[in-house]
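When you get a sec, could you build the whole thing from the sequences and use the hints?
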Amino acid sequence: MRFVFPFLILLCCGCIDQPEQQLVMSKFTTWNLPADGSRIPAPRALYADSEDTVYCLDDAGRVLLYSEDGTIQKVWRMPASENGRPEGIVKLQDGRIAVADTHYHRIVFFEPDGTVESMLGTKGRDPGQFVYPVAVTQDPDGFLYVGEYGDRQRVQKFAIDGTFVTEFGEHGTELGQFQRPSGLIWHNHEILVVDAFNNRIQVFSDEGEFLRVLGPPVDVEPFSFPYDLRMNHDGHIYVVENQGARITLINQQGNLLGRYGRPGRSQGQFFNPWGLTVLTDGRILVADTGNHRIVELTP
Amino acid sequence: MNHISSFFKRIFPAPRRPLTWTSGLPLAIFAIVFALFALSILPLPRIFLTNQTFWANGIQLGSFGFSWDLKWPTWEWIWDLDYVRPWMFLLLIVTPWIWWMQAAGHSGLAKGRGEFAAFVRLIITGLLIMVIAEPRAVQTSSVISVVYNVDVSDSVNDARKLALDVVADSAAKKPTTDEAGLVVFGRTPAVEYPPRTSFPFEKFLNSQVRADATNLQQTLSLSAAMLPEENNGRIVLISDGTETIGELQKAVTELKARDIPVDVLPIDVKEIKDEVFLERLDLPRFVKEGETYEAATVLTAMNAGSGKLVLSQNGEDLYEMDVDYQAGKNRFAIPIRVDQPGYYEYEARIEVPADKDYRSENNAVRNYLYIDGPGKILLVRDPIGDDLEYQFVEKALKEAGRNVRVLGATDLPQDPLSLMEYDAIIFANVPADTLFATQVQAVHDAVRDLGIGFLMLGGPNSFGPGGYQNSPIEDALPISMEISKRKILPKGALVVILHTCEFANGNSWAKRITKEAIKVLNSQDDVGAIGYGMNGNEWIFELTPAADYDSLVPKINAAQIGDMPEFTGTMQMGLKALEESDAASRHMIIISDGDPPMPPPQLLKAFKKSEVTISTVCVFPHDPRDAQVLNAISSQTGGRFYFPSDPSLLPSIFIKEAKTLRRSQLQKRTFVPKLLNDDSMLRDLTAVPQLHGYVLTSEKEDPRATILLSAPLEENELNESDVDPILAVWRYGLGTTAAWTSDLTDDWGRDWVNWKQFQQFVSQMVTRIARVKPQQNLRVYTYVNGNEGTVVVEDFHPEESLLDIQVNVTDGDDFQFSQQVQQIAPRRYQINVPLQGKARYQVQVNAVGTNRKETAYGGFIVSYSPEYLRFQSNPIVLQEIAEQTGGVTLDADLTPEELTQQIYGNRKEKRATRPVFDWFLMALACMIPLDVAIRRVQLDFSWVKKMFQSGSKESTATMGSLLERKKAVQSSLTSASKQATERPMTSRPVTVPKSARKPVPKKTSEDATTNKPEAQPQTDDNSTTSRLLAMKRKRDQDE
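For the protein sequence lines, the chains are A and B, in the order given. Count the first sequence with the numbering used here and you get residues 165 to 463, in order. Count the second sequence with the numbering used here and you get residues 23 to 1061, in order.
Think of the hints as simulated: they come from the structure by calculation, not from any bench. Idealized CB from N, CA, C, for every residue including glycine. Hints may be right or wrong, so weigh each one.
To be verified - Dumping the calculated BS3-like pairs for lysine-lysine here, alpha-carbon to alpha-carbon at most 27 Å:
(1) B:Lys875 to B:Lys310
(2) B:Lys577 to B:Lys513
(3) A:Lys238 to B:Lys513
(4) B:Lys541 to B:Lys598
(5) A:Lys238 to B:Lys351
(6) B:Lys272 to B:Lys295
(7) B:Lys195 to A:Lys191
(8) B:Lys875 to B:Lys795
(9) B:Lys278 to B:Lys930
(10) B:Lys932 to B:Lys272
(11) B:Lys932 to B:Lys196
(12) B:Lys420 to A:Lys191
(13) B:Lys967 to B:Lys133
(14) B:Lys537 to B:Lys678
(15) B:Lys577 to A:Lys238
(16) B:Lys351 to B:Lys330
(17) A:Lys191 to B:Lys513
(18) B:Lys678 to B:Lys513
(19) A:Lys191 to B:Lys932
(20) B:Lys378 to B:Lys351
(21) B:Lys598 to B:Lys678
Stated by the list, open to error - If we take Cβ atoms under 10 Å as the criterion, some of the chain A residues that face chain B in the derived model are:
(22) Pro205
(23) Ala206
(24) Glu232
(25) Gly234
(26) Lys238
(27) Thr266
(28) Tyr313
(29) Gly340
(30) Gln343
(31) Ile349
(32) Asn352
(33) Ala409
(34) Gln433
(35) Phe435
(36) Asn436
(37) Thr453
Structure, rendered in structure tokens:
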């Protein structure tokens, strides 16, 4: 004990300022984005389907399809991208791909081959209209949920045929209000919404009733601009933090399970990441936007 | 032989105690350990702290609760060491001697301790030898670091996009562990991205480089400096190879020395079939008013054709003629006639169908004529200002017989040559933001180099409030716009929020406008800037006095300005800082594309409550409607809204905004100016009238600046050593400048403009500053041929003499040329000047001879960059670079995959070293106290023994048993001290050497056992001390 005691003291000194619980990643690799003329675009949103095909949006206004090993399968462009580039993507149950075409205030539905199948919404504040839609997801019953951050900060729910069902949320900092609801997932009849600039995750029923707030406990560092979230196969939730430049793993009660990453341009670092997705084998892909790369993390 | 033996015995004296095999252990262990480390069989741990602030700040204790800001140290294993001076290991020869002196008992230490001490000393010796041998940690890496060098000079204008496409394609396909960086270059190189694994190549180049020249040397040198030493460095040079400045071979030699191959990708300028350009415009050397002369231009064409030749004078078309030209050189003459003295700039322009001409940039050439005559006064006015700001002065000057020309500030020439016809320039309440930087510089240069006078009149848009602080105009004036001494002005605070700069050169613009804004502020004002960087919303620099400009510039230059997703957080940060500031005037500027949502109403209310105004600048919005958000923010907080169509308007906006904080410098009070110094300017003026206001300025700390009139002190002002200048004058360079800090309008100067001596005063003031033209005997003639100018000086003095002539050439930017002129014929001097591309160059000729000293002026106009006269690439130069450095010549027709394979496919292990002797020094520093301690400090180590006997009862001794033990020890110590009170040192068991002459009786083994524990002094009387004591006693007895 007399030997061990001094070492314990030293160890304690070192641990006082140690970061919060770190997620251990056995591998950090990156995927390249194909050049677009004289530039290398940055990824903004990611979605992986059940077959591990990865759908990516970049800031050149392209939709990129990757295989699970990072090989480019297909590339197509948005119908227009002069005003700005899209920010949310999901593959629907019927095989179509829905893209939140943010700066054109609409949802664009693509066939799997990249042709435009249809569009939903126009610019406006009314139900069924959008100003800067940024996130889109679908529940098992086929309903679509769209988050927007323009004039009205809200989430709208649509039937698969585009019929408006309901809406919830408004601009503000109170419970049930949003400042940029930029990521959505549906789980067990609940909608989890990342409320980016309020630094929290809010949970609603899929009918739009506010239920609770998820977030790290008060004694750990709060979220710092959470931009997107995904659930892994253990039912835990990965959150990508744009300002925090890291990913955070929480359970469904909001307890912190670990964090990974810090600001930078090297291994283990991110620069203003926007999105993430999780593959079936547990690998995590992060849209490391500021570094113009997709980061593949193997837990 | 005996000598050698004796010498050897002196070095290695006979042992004082018998040697056993254990005596050699220290040397053996040291030899093994040293060999293992030196041969890198065992790794060396190198410990370091990742938190640099630990060293800077030490251990930080929190205000409450003593929170330690300690960081856990990390370490790395060094597996391979290299030595700069390996022969220093020969010094290891001393180690046997060190060991011997200990082992043989010459150190006077007990055996066990002596062996340990010997080992420690051997280790110290080993460390010292290693430090002298200068160890370097060796790293091997197969990572390839590539720096792409892209030529963006004018000669590759059309191929620039193609070159950047190549970069993007190959960098996007590079192995993810390799690094890529980008440098663009023209006259100078600029780093777009340093080499990193991520290559965030945006759609816009952020660097602004002058494209009127190609400097391969500088770009290659810069790229070589950026390549990390530990990786396989490689440069990919994409250029047309037409080097115009620099010494390429120097850079190539450096690259060869560093083993950095340069792969070259020649840009093929497309085959040119038709090209027409004007080489030069020749004007008569000397002209007289009213006579007709000939202007001749030389046109060069690849093929015969026809076009329209136009000659314009001072921007207005003068003559047009249809011309047929032949392949090769053609000369066309056009008659010209000038009726008045002055400065005339001519431009000849050839207009041909676009399909007959490859480049249009070289279709116009310029030259000038200057006809000396009575000097004019240039009165510069604010284009949107009140006419009365200049009309009183204009009237007074005209009444005094002066030739006055009134010009709006926007029409002011941008080069000093065009100002040559004026004797003096007067600024009548002209704000700095109406002028381009080139115009301000031109006025400054005209004063300094051409001797033209300058006068600034006061008003709300003049001096500091006009935005002239830290400008060349302030340098030229005899007053300072810095208010820091006596006047306690209301302080201002400014926060700049750089929301987004997603447009061409956006980051460069953002940094530039931030600097411009700071320069306008008073040194006491606070300024801060917020951007969206690596850590999200963050201060680029917090509220800092503008006086610290020099320390802020590196922070601004290093800022990484990302696309900020929202306003609210940054506005809150800025508001908090402004609220905490003690500034009376608080302002915020936001530059944004307007896409974030409107900040919450309560936040805007908080701004209003705190009286913080916000001005917003909307740049390149996604949707014009986004501008409404920014407009609403500014209107709700009392600021202004700007929607510039061009980024070049941004600096003037920021200057205008920043100077709103300086309104406090306007002093509105009525007083009679106090005469401080007399001057010809004030000659014969009696009873000067009252003034009703002025702009606060300071006396310049320069004895040459003379304040003639000042504002009298106010009642509450005690310090009489400082004055508020009203009228000041000095000589600046070759010119004279004056500052009148009040106005000469119907406002502050209303009593003056109606004063009967007003005309006399204005006339005398202008006469005082106006350029005086002495008798001129020198004539300067200049002409340009390509990128070389020629200055010819002719001496028309009645008496011929040899002149010492110096020619100075400047371009108002960074070009400076100064050289002695050679005489080439009687009364004729000539020199050739290498010019640096498109610019207007001023030529100043200073001649000194017997009883003579004259100055004459001239100039060059290089109409277009020599880059536009290069119609083919120079792949040979590029191929030579590749061959000399071991690179390859890349083919632009390769697929991106093939190109990437060529650049990144040649992989080899790179061995790099870095110095690690610092670690050895630290280890040495730690070992030396240990060495001293082992030899000089005696500790009771019984507790160590007890600790290892953790299973026994004794190890858990109670306080009682410890006290008993202490008592027993004390008792034995007392008895021992009675026996040997003269022995202050602890005795050590030593083997009695044979050479001991008078051995004292040994203690019996029984006694030794009794005297345990170890801490107790042993009565080993064979020790040196004992022997000495015995000898002393014997001598005492004998005495």
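- prompt: Given the proposed pairing of A:Lys191 with B:Lys932, does the C-alpha separation stay at or below 27 Å?
  reply: Roughly 24 Å between the alpha carbons, so the hint for A:Lys191 and B:Lys932 holds.
task: Take the C-alpha atoms of A:Lys238 and B:Lys351, compute the straight-line distance between them, and say whether it is at most 27 Å.
output: violated, 56 Å
- prompt: CA of B:Lys932 to CA of B:Lys196, is that 27 Å or under?
  reply: Within the cut-off at roughly 18 Å; holds.
message: Can you verify the interface hint for A:Gln343: is its Cβ closer than 10 Å to any Cβ in chain B?
response: Because about 7 Å separates A:Gln343 from the closest Cβ in chain B, which is inside the 10 Å limit, the hint holds.
query: Does A:Asn352 pass the interface check with chain B, least Cβ-Cβ distance below 10 Å?
result: violated, 30 Å
message: Given the hinted pair B:Lys678 and B:Lys513, is their Cα-Cα distance within 27 Å?
response: Within the cut-off at roughly 17 Å; holds.
- request: Given the hint that B:Lys272 pairs with B:Lys295, test it: the Cα-Cα distance must not exceed 27 Å.
  value: violated, 36 Å
query: Is it true that the CA of B:Lys577 sits at most 27 Å from the CA of A:Lys238?
result: Violated - the C-alpha atoms of A:Lys238 and B:Lys577 are around 42 Å apart, more than 27 Å.
Straight-line alpha-carbon gap A:Lys191 to B:Lys513, limit 27 Å: violated, 54 Å
field: Supplied contact hint for A:Gln433, tested at 10 Å Cβ to chain B
entry: At about 9 Å, which falls below the 10 Å cut-off, the nearest Cβ of chain B leaves the hint on A:Gln433 intact, so it holds.
Restraint status (C-alpha distance of B:Lys420 to A:Lys191 at most 27 Å): violated, 83 Å
query: Does the alpha-carbon distance linking B:Lys875 and B:Lys310 stay inside the 27 Å limit?
result: holds, 26 Å
Going down the numbered hints, you'll see the structure goes against 3, 5, 6, 12, 15, 17, 24, 26, 29, 31 and 32, while the others check out.
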